[in-house]
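S.K.: With the hints in hand, could you dock these two chains into one complex?
Protein chains in written order, with our numbering: chain V, 1 to 279; chain Z, 1 to 320.
Don't read these hints as lab results, they were simulated from the structure. Some hints here could point you the wrong way.
[Stated by the list, open to error] No farther apart than 16 Å at their CA atoms in a straight line, the calculated lysine to aspartate or glutamate pairs in the EDC-like style are these:
| hint | chain 1 | residue 1 | chain 2 | residue 2 |
| --- | --- | --- | --- | --- |
| 1 | Z | 217 | Z | 130 |
| 2 | Z | 217 | Z | 292 |
| 3 | V | 103 | Z | 251 |
| 4 | Z | 89 | V | 173 |
| 5 | V | 149 | V | 105 |
| 6 | V | 171 | Z | 139 |
| 7 | Z | 89 | V | 44 |
| 8 | Z | 166 | Z | 291 |
| 9 | V | 103 | Z | 108 |
| 10 | Z | 89 | V | 45 |
| 11 | Z | 183 | V | 173 |
| 12 | Z | 89 | V | 37 |
| 13 | Z | 166 | Z | 112 |
| 14 | Z | 160 | Z | 108 |
| 15 | Z | 64 | Z | 129 |
| 16 | V | 171 | Z | 264 |
| 17 | V | 103 | V | 44 |
| 18 | Z | 166 | Z | 108 |
| 19 | V | 171 | V | 44 |
| 20 | Z | 217 | Z | 129 |
| 21 | Z | 160 | Z | 112 |
[To be verified] Which residues of chain Z face chain V? A partial, calculated answer using Cβ under 7 Å:
| hint | residue |
| --- | --- |
| 22 | 79 |
| 23 | 189 |
| 24 | 260 |
| 25 | 288 |
[To be verified] Simulated restraints on C-beta separations:
| hint | chain 1 | residue 1 | chain 2 | residue 2 | range |
| --- | --- | --- | --- | --- | --- |
| 26 | Z | 56 | V | 124 | 18 to 28 Å |
| 27 | Z | 162 | V | 225 | 52 to 62 Å |
| 28 | V | 241 | Z | 178 | 15 to 25 Å |
| 29 | V | 233 | Z | 117 | 31 to 41 Å |
| 30 | Z | 252 | V | 230 | 17 to 27 Å |
| 31 | V | 28 | Z | 177 | 55 to 65 Å |
| 32 | V | 99 | Z | 88 | 21 to 31 Å |
| 33 | Z | 88 | V | 241 | 17 to 27 Å |
| 34 | Z | 67 | V | 23 | 23 to 33 Å |
| 35 | Z | 160 | V | 217 | 24 to 34 Å |
| 36 | V | 249 | Z | 160 | 47 to 57 Å |
| 37 | Z | 178 | V | 3 | 19 to 29 Å |
Computed from a predicted structure; not experimentally measured. Every residue, glycine too, gets a C-beta built ideally from N, C-alpha and C.
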Amino acid sequence: MYPWTDRSGRFSALKSAVFAGLFLPLLWLIWRWRTGDLGPLPIDEATLESGRWTVRMIVITLAITPLQRIFGWGRLALVRRQVGLAAMGYALLHLSLYVADQKFDLGRVASEIALRLYLTIGFAAVFGLVVLGVTSTNAAVRYLGRWWKPLHRVAYAIAGLGILHFFMQSKIDATQAALMMGFFILVMLYRVPNAARLRSVWTLAGIAIMAAFLTAGLEATWYGAATGIKPLAVLQANLLFPGVIRPAWVVLGTGLAVALLWFGQRTWAAQKRQLQAAA
Amino acid sequence: MNILRRRGWELPERLVTPEHVFLNRRAFLAAGTGIAALAVAGRARAETDPSASLYPASVNPAFKDAGRDVTPFEINSTYNNYYEFNTSKRIYEQAEALPIRPWSVVIDGEVEKPVTIAIDDLLKRMTLEERVYRHRCVEAWSMVVPWTGFALSEFVSLAKPLASAKFVRFETFNLPDVAAGQKPGLFSSMPWPYVEGVTIAEAGNELPFMVTGAYGKPLPKSMGAPLRLHLPWKYGFKSIKGIVRVSFTSERPIGFWEQLQASEYGFWANVNPEVAHPRWSQASERVLGTDEQIPTQLFNGYGEYVAALYAGMEKEPLYM
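The following block holds chain Z by itself, in its conformation from the complex (with noise of 0.2 Å):
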């Protein structure tokens, strides 16, 4: 029997960006300053990346269109919430003050056997792919990401958590001396480092992507270099940037902005249109690049994969 199963990424027609909104986005983007350094630096940094000749990967077919045109590089690496650098949205320049390499992740927590691994070593003994994700944030605006990684999934087979590892903690860097968010000040005093976490069985599903490049390159300081999670059915502030830790661990790890706004971000964050943000409605989500408005999706429209993590789990606060 052939079951036609409708997939996440296939909208209808009606959804496609008309040719002029596309065509007007470009002649936005040429008006935009500092544009042309960006492209010089995003030049220097490939030159001197030593992952840069993994990319581009090859594109992982089931996730090869996320039904909506991708959001131009130009926007999606200059407008990035990045607390550790400033709480505005514009960090470019200050993120490439970061040095990211040498770099390198520990795990460590419920694990056969804690280690340090550099990047680099990390990257050659995973399978790089592209992705192409939809990204929700929880200021309900998105964008459309191709990402490079590998699956989340991969990763955890590495690390080899026991039986008693029930969640997977993530957590950035913590750099004062660089990033100016994490310098003495009122900042200093939020609960850095950044940390989020999903669970054992969410980490098992085939979504969630360890991303090292975007657009076809290593990732851009920006946006998370050189390593960050990318969770698509989540709002975007569970996609944790810059990672350095990750630990296994059989208590609920507790997010930075769980941390700081409780009644606002919680653990679960899976998005839902029906589900209003204390401050704003969820309903729909302004697209990057366009002058458009949609429809915000159950689990952004991946609820195909994910749905059965949360089955039986109504009583969790599974959209905050």
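Isolated chain V, as found in the complex (with noise of 0.2 Å):
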């Protein structure tokens, strides 16, 4: 099965699209190098942007099978892995860049990654998702049986990880993690109702509300906790109009956007329906 062909061999036009899709960030990276946007330490803000990438792409991977149940996207399937497995790729360019920008002193590498708590969680994580990976084959997959699925359920736990990493290592502006955070809320919730129920606008508008809530709580909670900023003073940021939109809205849009999609998709086929029985 390449990149680019269905599990019967054919050409699939959604795997193909999804694999060049892939390589954007990497060749957006590249094209910044080449012209010199990365500004005077390339290494260090191509680490810092390779890192990003790693968890979203974790996220996307991670939203699949809840997308997939709740439109009923069975063709999605076909791309999990690829996904997956480009978290893994710009997981070790991310680790790669780092250490370039230690010179290849490996000795000096292992040294932080055992002595700074955020590099070794990044590390684990890393070394996680290598593991996901080589397991992803066809072959490993048969070969692993029924202990494939419980193994790769490691993912939420690495994706916990990537995103306390990403957390962590924030000077203050921890932005951007919370709103990974937020998306790593929605998609799993979108994973306790069974399939019956998840298909409810209500179920979808209700989850939506939650992980705003919990997205605004735990960011609140990671500032109170980790730096000097005031937990309400984030809270009530949340509350400040015009300002910048704050990750636990980009999150409430997005669970609506979802609900609101479903709702769509269901009349659209229901009407369809419709118009056939009367024909």
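M.R.: This is the structure in structure tokens:
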């Protein structure tokens, strides 16, 4: 099975498009490097950027199964593995760039990973992604049999570690990390109800609201626990209008958009059935 | 007796930037986008800044060479931590919105007579000179900057502090209409305005420099125009930008970063390669504009000037 073919070996436009899309962040990064847009410490900036894309790819991978269940898009299953592998790829690039930034002094890299908790956590997440990556082949799936699924549930823990690492490395501004945490919460909440219950506007909207509150609460908790910013002020920042759109609102908007899309899809399908029945 | 004392800026020949690195850097810069625009903005500023005729000032021979190549202006003026504008390093476009005339500085606290002085009057009363200083950021990178300005000690003499003054507290503007980071939102809950401080003994040292220009021109806004501090032996966050108030206090001021992250950023913040930041090593630094990573020096190599300030203070967290 090639990155552009489905299980029966036929060309798949969806899979090919996703496969090409997974390289866009890398091409964008290379372009920025070539034009000097990464600034005077390009390796440093590229390390940060590849790390951001690793977390985004992990969250996208974890969004595929819930989207498939909500919208009934069975074909999405075709692309889950390659998005997951892209997460591993960006993670390895991220780690390699860090090693390059340390002038390939592997002793120093090892001691920094051991000494700094956020690096230990990040390294554990990269290691986990590699384990999942090498056990993602068809042969490995067959070999592991009923153990494959429990092993690959480690992806949830890896996402948690990656996002924690993202929070811990922020100098003070953890907005991007909070946003990724919010999306992670959203895609995890979609996994709680069974498929029949999930396919309801009220369940989907309820999950969106719950995810938004959890995002706001956990974000405020982070600032309160790790910085001198008052958690109450962080919560209040969500209610300042007009202001910068805060992570909790983005998560709410995304979750409500999913609910609306599902509703639209269902209404359209029902009308089509009616028209067909009338014809 | 002729005592040969090696000054901090005297570095061995092996540390001199190799020519190919120097030339590569030029090529790298030529490729940079937005730099032409910046040069235009720089020219416009030089034409309109009422203090433009004061530059370039004569070079203080003691600080004419920092032992390393001067970092290109194009890097220095476009790679800045200035959270008032935003939390990225690229703030130079936004910083152009800051109005720097009229600009005045309040001198108050434990002084004979509190005054407010307009920046151009202040410039007339101080002796401007150029000093090339090494700048070490707490984020483990460094630059070399040819500053123009006057000694903080000269400013302290002007302010005439009382004997009760033990600290000098500096404060930056708070202009939410201009500076996006101070607008209502998460970052408006940060402890604005930016505050930093030094002891009165540190302020009397010869190194602390009140900066009004760089590279022989008035200071670009991204670098802290019209008035900033530079403390070359301390991590960069101590070197406050856009100063509007200097207060002489009996209480130790608590800096912006100390308020935000007391476990990572303290009052003293003297450079020391042996004392790691909680999240990274400070043993070495990346030199902006080169591919080099070089060992960091105690007090950023200025120990001969400042080490005596800290004699007997070993119990203080001097390096954080």
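S.K.: Decide, hint by hint, whether the structure agrees.
M.R.: Checked hints:
1. Distance check on the hinted pair: residue 217 of chain Z and residue 130 of chain Z sit about 10 Å apart at the alpha-carbon level, within 16 Å; holds.
2. Note on residue 217 of chain Z and residue 292 of chain Z: the hinted pairing is violated, with a Cα-Cα distance of about 28 Å set against a maximum of 16 Å.
3. Straight-line distance between C-alpha atoms of residue 103 of chain V and residue 251 of chain Z comes to about 44 Å, which puts the hinted pair past the 16 Å bound.
4. Simply put, residue 89 of chain Z and residue 173 of chain V have alpha-carbon atoms about 13 Å apart, close enough for the 16 Å limit, and the pair holds.
5. With a C-alpha separation of about 37 Å, the suggested pairing of residue 149 of chain V with residue 105 of chain V is violated against the 16 Å cut-off.
6. With a CA separation close to 10 Å, the supplied pair residue 171 of chain V and residue 139 of chain Z stays within the 16 Å bound.
7. Distance hint between residue 89 of chain Z and residue 44 of chain V is fulfilled; the C-alpha atoms sit about 12 Å from each other, no more than 16 Å.
8. For the proposed pair residue 166 of chain Z and residue 291 of chain Z, the alpha carbon gap of about 42 Å is over 16 Å, so the pair is violated.
9. Under the criterion of a C-alpha separation no larger than 16 Å, the hint pairing residue 103 of chain V with residue 108 of chain Z is inconsistent with the structure, at around 49 Å.
10. The hinted pair formed by residue 89 of chain Z and residue 45 of chain V meets the criterion: a straight-line CA distance of about 10 Å does not exceed 16 Å.
11. Taking the CA atoms of residue 183 of chain Z and residue 173 of chain V, the gap is near 15 Å; set against the 16 Å cutoff, the hint holds.
12. A hinted pair counts as satisfied when its Cα atoms are at most 16 Å apart, and residue 89 of chain Z with residue 37 of chain V qualifies at roughly 12 Å.
13. Taking the CA atoms of residue 166 of chain Z and residue 112 of chain Z, the gap is about 14 Å. The hint holds against a cut of 16 Å.
14. Taking the CA atoms of residue 160 of chain Z and residue 108 of chain Z, the gap is near 10 Å; set against the 16 Å cutoff, the hint holds.
15. The straight-line distance between the Cα atoms of residue 64 of chain Z and residue 129 of chain Z is roughly 10 Å, inside the 16 Å bound, and the hint therefore holds.
16. For the given pair, residue 171 of chain V sits about 10 Å from residue 264 of chain Z by alpha-carbon distance, which is consistent with the 16 Å threshold.
17. For the hint pairing residue 103 of chain V with residue 44 of chain V, the CA-to-CA distance comes to about 12 Å; that is within 16 Å, so the pair holds.
18. A threshold of 16 Å between alpha carbons decides the hint, and for residue 166 of chain Z with residue 108 of chain Z the separation of about 13 Å falls inside it, so the pair holds.
19. Straight-line distance between C-alpha atoms of residue 171 of chain V and residue 44 of chain V comes to about 14 Å, which keeps the hinted pair within the 16 Å bound.
20. About 12 Å separates the Cα atoms of residue 217 of chain Z and residue 129 of chain Z, which keeps this hinted pair within 16 Å; it holds.
21. Only pairs whose Cα atoms come within 16 Å are accepted, and residue 160 of chain Z paired with residue 112 of chain Z is accepted, the gap being roughly 6 Å.
22. With a least beta-carbon distance of about 5 Å to chain V, the hint placing residue 79 of chain Z at the interface is held under the 7 Å criterion.
23. The beta carbon of residue 189 of chain Z is positioned within 7 Å of a beta carbon in chain V (closest approach about 3 Å), and the interface hint is therefore held.
24. Using the Cβ-Cβ criterion of 7 Å, the hint placing residue 260 of chain Z at the interface with chain V is satisfied: the shortest such distance is roughly 4 Å.
25. Evaluation of the residue 288 of chain Z hint against chain V yields a held restraint, the C-beta minimum of about 4 Å falling below 7 Å.
26. In this structure, residue 56 of chain Z and residue 124 of chain V break the distance hint of 18 to 28 Å, their C-beta atoms being roughly 54 Å apart.
27. With their beta carbons about 41 Å apart, residue 162 of chain Z and residue 225 of chain V fall outside the hinted range of 52 to 62 Å.
28. Between residue 241 of chain V and residue 178 of chain Z the C-beta distance comes to about 20 Å, which sits within the given range of 15 to 25 Å.
29. Roughly 34 Å separates the CB atoms of residue 233 of chain V and residue 117 of chain Z, a value that falls within the hinted 31 to 41 Å.
30. Under the hint 17 to 27 Å, the C-beta atoms of residue 252 of chain Z and residue 230 of chain V, about 22 Å apart, fit the expected range.
31. Between residue 28 of chain V and residue 177 of chain Z, the C-beta spacing of about 34 Å breaks the proposed range 55 to 65 Å.
32. Restraint check, residue 99 of chain V to residue 88 of chain Z: a C-beta distance of roughly 24 Å satisfies the suggested window 21 to 31 Å.
33. Hint check: residue 88 of chain Z to residue 241 of chain V, Cβ distance near 24 Å, so the stated range 17 to 27 Å holds.
34. Under the hint 23 to 33 Å, the C-beta atoms of residue 67 of chain Z and residue 23 of chain V, about 44 Å apart, miss the expected range.
35. Under the hint 24 to 34 Å, the C-beta atoms of residue 160 of chain Z and residue 217 of chain V, about 52 Å apart, miss the expected range.
36. Taking the beta carbon of each, residue 249 of chain V and residue 160 of chain Z are about 52 Å apart, inside 47 to 57 Å as hinted.
37. Judged by the Cβ atoms, the range 19 to 29 Å given for residue 178 of chain Z and residue 3 of chain V is violated: they are separated by roughly 50 Å.
Consistency with the previously given hints fails for numbers 2, 3, 5, 8, 9, 26, 27, 31, 34, 35, 37, ordered from lowest to highest.
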